[in-house]
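Enquirer: Chains as they are written, first to last, in my numbering: chain A, 71 to 708; chain B, 71 to 708.
Simulated from the structure, these hints should not be mistaken for laboratory data.
Do not rely on the hints blindly, as some may be mistaken.
List time: in silico SDA-like cross-link candidates among lysine to any residue, alpha-carbon distance up to 25 Å [claimed, not checked]:
| # | chain 1 | residue 1 | chain 2 | residue 2 |
| --- | --- | --- | --- | --- |
| 1 | B | Lys581 | A | Asp634 |
| 2 | A | Lys236 | A | Arg108 |
| 3 | A | Lys581 | B | Lys646 |
| 4 | B | Lys76 | A | Glu642 |
| 5 | B | Lys76 | B | Lys348 |
| 6 | B | Lys198 | B | Asp391 |
| 7 | B | Lys348 | A | Arg108 |
One side only, chain B facing chain A, incomplete, derived with CB under 7 Å [said to hold, decoys possible]:
| # | residue |
| --- | --- |
| 8 | Ile98 |
| 9 | Tyr99 |
| 10 | Val100 |
| 11 | Gly424 |
| 12 | Ile543 |
| 13 | Pro545 |
| 14 | Asp611 |
| 15 | Ser615 |
| 16 | Gly630 |
| 17 | Asp632 |
| 18 | Ile667 |
Beta carbons: idealized from backbone N, C-alpha and C, even for Gly.
Number of protein chains: 2
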Amino acid sequence: MNANEKFIAAKAQVDEAAIAPLPNSRKIYVEGSRPDIRVPMREITQSDTPASFGAEPNPPIFVYDCSGPYTDPATKIDIRSGLPALRQRWIEERSDTEVLPGLSSEYGRQRAADKALDELRFPGLHRKPRRAKAGMNVTQMHYARRGIITPEMEYIAIRENLNREKYIESLRATGPRGQKMADMMLRQHPGQSFGASLPAVITPEFVRDEVARGRAIIPNNINHPESEPMIIGRNFLVKINANIGNSAVTSSISEEVDKMTWSIRWGGDTVMDLSTGKNIHETREWIIRNSPVPIGTVPIYQALEKVDGKAEELTWEIFRDTLIEQAEQGVDYFTIHAGVLLRYVPLTANRMTGIVSRGGSIMAKWCLAHHKESFLYTHFEDICEIMKAYDVAFSLGDGLRPGSIYDANDEAQLGELKTLGELTDIAWKHDVQVMIEGPGHVPLHMIRENMDLQLEQCKEAPFYTLGPLTTDIAPGYDHITSGIGAATIGWYGTAMLCYVTPKEHLGLPNKQDVKEGIITYKLAAHAADLAKGHPGAQIRDNALSKARFEFRWEDQFNLGLDPDKAKEFHDETLPKDSAKVAHFCSMCGPHFCSMKITQDVRDFAAQQGLDEAEALRKGMEVKAVEFVKSGAEVYRNV
Amino acid sequence: MNANEKFIAAKAQVDEAAIAPLPNSRKIYVEGSRPDIRVPMREITQSDTPASFGAEPNPPIFVYDCSGPYTDPATKIDIRSGLPALRQRWIEERSDTEVLPGLSSEYGRQRAADKALDELRFPGLHRKPRRAKAGMNVTQMHYARRGIITPEMEYIAIRENLNREKYIESLRATGPRGQKMADMMLRQHPGQSFGASLPAVITPEFVRDEVARGRAIIPNNINHPESEPMIIGRNFLVKINANIGNSAVTSSISEEVDKMTWSIRWGGDTVMDLSTGKNIHETREWIIRNSPVPIGTVPIYQALEKVDGKAEELTWEIFRDTLIEQAEQGVDYFTIHAGVLLRYVPLTANRMTGIVSRGGSIMAKWCLAHHKESFLYTHFEDICEIMKAYDVAFSLGDGLRPGSIYDANDEAQLGELKTLGELTDIAWKHDVQVMIEGPGHVPLHMIRENMDLQLEQCKEAPFYTLGPLTTDIAPGYDHITSGIGAATIGWYGTAMLCYVTPKEHLGLPNKQDVKEGIITYKLAAHAADLAKGHPGAQIRDNALSKARFEFRWEDQFNLGLDPDKAKEFHDETLPKDSAKVAHFCSMCGPHFCSMKITQDVRDFAAQQGLDEAEALRKGMEVKAVEFVKSGAEVYRNV
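Bound conformation, chain A alone (with noise of 0.2 Å):
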């Protein structure tokens, strides 16, 4: 659909390009407890490993999936329905929260009854919004606490563990060599971890003391029970948000809508919808009931709209039916500048770029223009109330982070930041969950004292940063200089990395720089598990290089994370059908093509009949001229 054309509900359709399964992809999903915890997966199928390497089975491999209903073909998607509500019964076997007779919000009730909307809206919510009971704390943090596992919990511990056992039993199966084929792939690099503790199998029991612990939070808002239960925090695979939303100068709902879709199939874990632009209530209503994933907002931006974008006039009551609105819509965790006071404002005037997020500088402007603390500070308590009538997760906002190189690591920032934890101190008097937003733009080698302060101020809470961009001077490729600083501070402990984009400082990403953006962000927090040394992380790894090794070019393509951009780049020089088998490809040809050779090697040495090792010890000392006999034909004719 084309920004420009008029946006109907009645004819609004999922994006085809998003409900496709992947290449050789199919999804599973793997039972828990009770068969209403059915964890979705990706299988990727392998094929068997060429004669000439041994003739062996490669058993499938299971990753982590994040694109929901999406690229299950047995289900039907009908994005004018929403996806099903998966978590519905668990909310309410709790009996803790009470279904509302209608909305709480002044403004959601305004926009319900608007007419003139009718033809835009979200025509398929049939629920009514739930809330707590009165007195009642409906947090995954509040049970944690109790010593209760949620089935949440017990989907989240299956979905970590990514199937492995499945995997390494198949691995034994695969004839005599199995225990060693289990033995190469399974092998990893120890890590450094920086003191996270990662353990071997997460367990129910430990995703619950995480969360109670304040050290991982599970965001998913009882109003949005069609989100697959995830958790962020640094014992667990690091994850990636990528965000989304119109302006006023562009987008559409459909178009935000199929970003959303297209970012869960490239791996988003999680979308923050940032919309600044017309009809944000309804963008957010298509958003949520269509997304498995978690939701995230950053609710000051509506309420600024609400008062026509004069900072100076919002008021707590403003904010506050902002928060019950979306609260009621579902969103998962609301990003709040609350650690912007009046007396770090000035720290910023001798700033390169001043402060550059949107949240911060509208409250830094509100703060001076009633010179008094922001009602997002004086008002914490009374929005943790709402956070746990709803199970809504703070991000604390980081208003001041830096952006520039310049500005890294300055008074402001870092004072902010201890403010960050103060609040965090709060939120959990109240049980309710917190990640810790950071920054930004930061030179490499300044990364780690963002970490290490963070961990001892905010106690441990997941982090939670844009980038951090490492270098100011590569406008388009933003993507990449904070790439670098991503998978950097997601290796030192960072626990979710928000996505920047090739458009960052340029204008609005569109759905191929959102790919971009996620491929990046996925390799880079890829890069930081393998770093960290987490368990199972290199499997995927050891299998890619496998199947590269062996000239299994579409098996490498699809355990890659973009199978689609890999097989092109393939075929723009070598398109037949034939290269996709050929033991050789376009950056050598057959004469130089190194694993070739090294396979030629290979062969030779197990012509002796021994295992590898020894085998090629042994075929060390045979002559020489044996050697050159039994290898003349080693360049294979294409």
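Place chain B on chain A using the hints.
Expert: Using the frame of chain A, we list chain B on its own:
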């Protein structure tokens, strides 16, 4: 030109895309102690700060420029003639070389005599080859060790300082606020250099000393007098290399020349011609004669073609003739895999991906076939004799580098590194310049070990690494998986980063891939310079961020590494010229622009008549109502 079209020398033309100056940029030359030392730099002009931000002039900044005469409109480029021989006189003045009657290599003479090659042969070379007089050593290291500062060394000192003095002067001359502005624009975070010695100003004597100690190399063959001197060493700016070259499967001479001029336009400091396809000799001649940057090769590739791809038939004589052939063409550094010893080969038997270096696998095969150490190793001193007669630098190849995360830092790799350290000593005994090639595929946390061992075992000879790739799972994005590793190892002390393009593992890079690889590595190298605290490195970041904050869009584009792409991205959403002066962009629209809000806050403070920090402090004491009044029109209409 299409790859399948036949290349005809008479019709060869420079790629038009390579010769226009970049936007708002002009080539300047900084003169040294003699008029023929004219060091090129790119001057980027900036517009004045808009009135709303204080109306101040922004002096031009100077950036390193690898593009040679191509971007100088005063120079007429004709690739059939080649570039002017700017170092010719310096070489002649030393009186230690002689002009040979003709080519010394048998193969070179054969090719020259082959009439069938006439139509594709480079027509512009009228010089005879040059070689050291008998008993002479013409390496820059040899001069350096005898205390001689060559014009090349002075040229490099000027080049590395990037005309910083001139920029500082211009800042101070910007009016009454000059000194303050200079303080701001020159401010830089102290770095973390892991033991590097980075002087505030590079002197010719410092260059000499670093070369004498072997901590830096100046690759400039006396038969490549067209090259502009540059240096590779840990205490200088981090450099990057771009690989080009055809293969048996694809690409033509003109494509490779285009890739070279394209590479240097975007910042390739050296170019390696890795051709393994047809007409390797002639392709190289075209490239060298037109290249202002040092050219590296892997001579064993061509030697292997001479024996029809049969590694075991390679001999010292064939290899020696190839070295001389290429040295007399002007190759500036040779990758030589002399560290692949017989005893290391079995150590690769249990690897996931065996030997992935083409040169390494060729030599491994030769060693096994003959059951003895390779001629590269046994004739290493003979090779040194050739290198010092032309001043070709060694790039000691890591033939056993890991090709997968699994194989990182294994016994084979680290064994070879130790041998490379021993070979470094031998080369240095001959005053031959040396750099050391490094991996490959290495997870983030194991990169440091590579750098530490290299520094120790190779006694600070410059390290030159391929990435390293920090994960295997992203084919199609390996410029990024490796850009992460490259920035990291550059920070730790690597002197030159060999780029990886998006096509790595999948196909031969085209021009677009080359540019993507170059920009990725330029930003990685710059991130490393910033992290090391390289003097002046932050100037460009500061200038760009100031432009960004002041909504000087064109300046923001032009100060970046790729002005074309930045502008294109911006224009996708806001194509009008008026948007280039707009005080907002498509990301946030006018209401949400944090930079705009920040400036409003500052303006308000400044109205109190004080300077910025004071003003803001003061401003906060003013009654809120006044702020609201004065800020009533803060969001200007678009």
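Enquirer: Each hint needs a verdict: does it hold in this structure or not?
Expert: Outcome of the hint check:
| no. | hint | in the structure |
| --- | --- | --- |
| 1 | B:Lys581 - A:Asp634 | 21 Å, holds |
| 2 | A:Lys236 - A:Arg108 | 16 Å, holds |
| 3 | A:Lys581 - B:Lys646 | 22 Å, holds |
| 4 | B:Lys76 - A:Glu642 | 20 Å, holds |
| 5 | B:Lys76 - B:Lys348 | 12 Å, holds |
| 6 | B:Lys198 - B:Asp391 | 18 Å, holds |
| 7 | B:Lys348 - A:Arg108 | 57 Å, violated |
| 8 | Ile98 | 20 Å, violated |
| 9 | Tyr99 | 23 Å, violated |
| 10 | Val100 | 22 Å, violated |
| 11 | Gly424 | 3 Å, holds |
| 12 | Ile543 | 5 Å, holds |
| 13 | Pro545 | 4 Å, holds |
| 14 | Asp611 | 4 Å, holds |
| 15 | Ser615 | 4 Å, holds |
| 16 | Gly630 | 5 Å, holds |
| 17 | Asp632 | 5 Å, holds |
| 18 | Ile667 | 4 Å, holds |
In this structure, the hints that do not hold are numbers 7, 8, 9 and 10, in rising order.
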